[in-house]
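Given chain A, put chain B in place with the hints provided.
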Amino acid sequence: SAVISQKPSRDICQRGTSLTIQCQVDSQVTMMFWYRQQPGQSLTLIATANQGSEATYESGFVIDKFPISRPNLTFSTLTVSNMSPEDSSIYLCSARRQGRTDTQYFGPGTRLTVL
Amino acid sequence: AQSVAQPEDQVNVAEGNPLTVKCTYSVSGNPYLFWYVQYPNRGLQFLLKYITGDNLVKGSYGFEAEFNKSQTSFHLKKPSALVSDSALYFCAVRDDWVDSNYQLIWGAGTKLIIKP
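Residue numbers (this note's numbering), protein chains in the order written: chain A, 1 to 115; chain B, 1 to 116.
Just so you know, these hints were derived from the structure itself, not from any lab. For clarity, every value in this text was computed on a predicted model and none was experimentally measured. Watch out, some of these pointers could steer you wrong.
Only pairs whose alpha carbons sit at most 30 Å apart, straight line, appear in this in silico DSSO-like list of lysine-lysine [as the list claims (entries may be wrong)]:
hint, chain 1, residue 1, chain 2, residue 2
1, B, K49, A, K7
2, A, K7, A, K65
3, B, K111, B, K77
4, B, K58, B, K111
5, A, K7, B, K77
6, B, K22, B, K111
If we strip away everything but chain A, and leave its shape as in the complex, we get:
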């Protein structure tokens, strides 16, 4: 299994500011992902964080709004830029080693509130 930590665990931010969320995995993984989740609802994939190259974004998400870094095989960051109240959500980091049968593990999440 993989143990994933995220920082911060929660934050309250002002409209128009940016927040960077950090994700650390305790072992090297090939795939890292960022999800968004409204409380009590299902997960929406924002992007796949690719090591050494630009992230792959899902429909409805763009790099200018959600820039992602992945400098190595254990670490990634997601920035939520120019925030608005609609960005209030739980942001989850996830990782998987490589194979299509491998289990995907999740961090504890970052609860973001934008005022």
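Showing chain B alone in chain A's frame:
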């Protein structure tokens, strides 16, 4: 198209009774099926998965799930529910014919409430 359905938004069970959380799926190729649990204010925890082999899969916390290919289902079960099992449960599927980083397709989630 790939999809996962969890037909029940909420399931209520009395403590000590058996519980079932339903999941059905639709994929083009062979399904890889997963169950996760999310406790309040926590991330998702992996419970169990079906890849191949025995249709009955055993996982964490006494949970098990049965893969039924003809009914395209993967229902989560536990023989005797605990109050501490109360949480949000997600079913997810990966389609081995779809080459898009083998993304997981998620169900909407089922809230399980175990009453003492």
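Subject >> Hint numbers contradicted by this structure >> reply: 5
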